[in-house]
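Colleague: Whenever a hint applies, use it, and build me the whole structure from the sequences.
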Amino acid sequence: MPFCDNQHRAYNKKNNCSYKSLKITIDKDDSMILTCSNWKNKNEK
10 MPFCDNQHRA YNKKNNCSYK SLKITIDKDD SMILTCSNWK NKNEK
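In terms of my numbering, the sequence shown has 36 at position 27, counting the first letter as 1, and numbering is strictly consecutive.
Just so you know, these hints were derived from the structure itself, not from any lab. Misleading hints may appear alongside valid ones.
What the hints assert, rightly or not - Label pairs and their calculated CB-CB ranges:
1) Asn15 with Asp38: 30 to 36 Å
2) Ser46 with Lys23: 16 to 22 Å
3) Asp38 with Cys13: 25 to 31 Å
4) Asn15 with Ser40: 25 to 31 Å
5) Ala19 with Asp39: 30 to 36 Å
6) Asp38 with Arg18: 30 to 36 Å
7) Thr34 with Asp14: 17 to 23 Å
Just so you know, even glycine gets a beta-carbon here, dropped at the ideal spot from N, CA and C.
Modeller: Below, the structure written as structure tokens:
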């Protein structure tokens with residue numbers, strides 16, 4: 010189930026970055042997989 014507490018907004022502002030989401034997945038061998046999406050930077054095309 011997706012969960013968002015909007016903490017990325019304060020983090021982005023404080024650290025001048027553009028994180029959109031963080032996905033934490035547990036693989037079948039109990040390995041943790043972290044993936045992240047970013048908003049496009051205003052300077053990127």
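Colleague: Each hint needs a verdict: does it hold in this structure or not?
Modeller: Hint check results:
1. Range check, Asn15 to Asp38: Cβ separation about 32 Å, and the 30 to 36 Å hint holds.
2. Between Ser46 and Lys23 the beta carbons are some 19 Å apart, a value that agrees with the proposed interval 16 to 22 Å.
3. Roughly 28 Å separates the CB atoms of Asp38 and Cys13, a value that falls within the hinted 25 to 31 Å.
4. Remark: the range hint 25 to 31 Å for Asn15 to Ser40 is upheld by a beta-carbon distance near 28 Å.
5. The hinted window of 30 to 36 Å between Ala19 and Asp39 holds, with their beta carbons roughly 31 Å apart.
6. The beta-carbon spacing between Asp38 and Arg18, approximately 34 Å, falls within the hinted interval of 30 to 36 Å.
7. One distance hint, 17 to 23 Å for the beta-carbon pair Thr34 and Asp14, holds here, with the actual separation near 18 Å.
Against the hints set out earlier in the document, no violation occurs for any number.
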